[in-house]
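Quick note, the sequences are listed as chains Z and C, same order.
Counting from 1, position 14 in the first sequence corresponds to residue 14 in my numbering; the numbering is continuous, with no gaps.
Counting from 1, position 110 in the second sequence corresponds to residue 1110 in my numbering; the numbering is continuous, with no gaps.
Calculated directly from the structure, the hints in this document are not laboratory data.
Treat the hints loosely; a few may be bogus.
Computed cross-link-like contacts, DSS-like style, restricted to lysine-lysine with a CA-CA straight-line distance of at most 30 Å [stated by the list, open to error]:
#	chain 1	residue 1	chain 2	residue 2
1	Z	K42	C	K1020
2	Z	K42	C	K1055
3	C	K1014	C	K1041
4	C	K1041	Z	K67
5	C	K1014	Z	K42
6	C	K1055	C	K1066
7	Z	K2	C	K1014
8	Z	K67	C	K1020
9	Z	K42	C	K1064
10	Z	K2	C	K1064
11	C	K1014	C	K1066
12	Z	K42	C	K1041
13	C	K1041	Z	K2
Every value quoted in this text rests on a predicted model; they were computed, and no experiment measured them.
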Amino acid sequence: QKEVEQDPGPLSVPEGAIVSLNCTYSNSAFQYFMWYRQYSRKGPELLMYTYSSGNKEDGRFTAQVDKSSKYISLFIRDSQPSDSATYLCAMRRPGANNLFFGTGTRLTVIP
Amino acid sequence: GAVVSQHPSWVICKSGTSVKIECRSLDFQATTMFWYRQFPKQSLMLMATSNEGSKATYEQGVEKDKFLINHASLTLSTLTVTSAHPEDSSFYICSARPSSGRAFSETQYFGPGTRLLVL
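Work out the full structure, taking the sequences as your base and the hints as a guide.
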């Protein structure tokens, strides 16, 4: 079993839709959770960073962490064609350096 | 803030030559940097963790003599692919973790990546 599971998609939605992206994980020691956006042929860009459980909102993006279910989500409201990219979840244990990544979900927002 | 640069952005080389890729943190210091490679439509694969002033830590299956890492300062790490072969062609991405003391030091910031093509 992989430590982090993420549906690779692809996911296509019409412009303006609400997008829900999810990851599950198996290691209860993970405390730091991140979402990265990666455009084609570019490096990942940090979108959201959350510590432990709870919600965090930044503009059209909301990150949720449910540690009891080992489940994290990223919601994108009023999706735009420019949101079309691959979204990677990542997480880390306290005191550890390396991140564990999901496989990434490829999102296309259709104008 | 939190900008990481990589140079070159792409490189084409002949089989058997060595290629050096630079990773710089432009507006913060990074005790720890990371090197990843990514194949098309796949996620990032961690190759090694680069620690300033000490030897890099390589992931299982990554040849340390083939992928030489040097982290000589708090803002620069280099990856040298020695005697490159076509199977080394990939997208190499570095990341940097800001040194402790900053609010966002628990995460990593990625460079734009270097595309390597070995002929």
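Quick rundown of the hints versus the structure:
Restraint check: the Cα-Cα separation between Z:K42 and C:K1020 comes to about 19 Å, which is no more than 30 Å; the hinted pair holds. Between Z:K42 and C:K1055, the direct Cα distance comes to roughly 28 Å. Compliance with the 30 Å bound is thereby established for this hinted pair. At roughly 25 Å between alpha-carbon atoms, C:K1014 and C:K1041 fall within 30 Å of each other, so this suggested pair holds. Taking the CA atoms of C:K1041 and Z:K67, the gap is about 29 Å. The hint holds against a cut of 30 Å.
Distance hint between C:K1014 and Z:K42 is fulfilled; the C-alpha atoms sit about 24 Å from each other, no more than 30 Å. A distance of roughly 14 Å separates the Cα atoms of C:K1055 and C:K1066; the hinted pair therefore holds under the 30 Å criterion. A threshold of 30 Å between alpha carbons decides the hint, and for Z:K2 with C:K1014 the separation of about 36 Å lies outside it, so the pair is violated. For a cut-off of 30 Å, the pair hint linking Z:K67 to C:K1020 is broken: about 41 Å separates their Cα positions.
Between Z:K42 and C:K1064 the alpha-carbon distance is near 26 Å, which keeps this suggested pair within the 30 Å criterion. Of the pairs offered as hints, the one joining Z:K2 and C:K1064 holds, with about 25 Å between alpha carbons and a cut-off of 30 Å not exceeded. With a CA separation close to 16 Å, the supplied pair C:K1014 and C:K1066 stays within the 30 Å bound. As the CA atoms of Z:K42 and C:K1041 are separated by approximately 12 Å, the hinted pair is consistent with the 30 Å bound.
Restraint check for C:K1041 and Z:K2: satisfied, since their Cα atoms lie roughly 18 Å apart, inside the 30 Å limit.
Checked against the numbered hints above, the structure breaks hints 7 and 8 and satisfies the rest.
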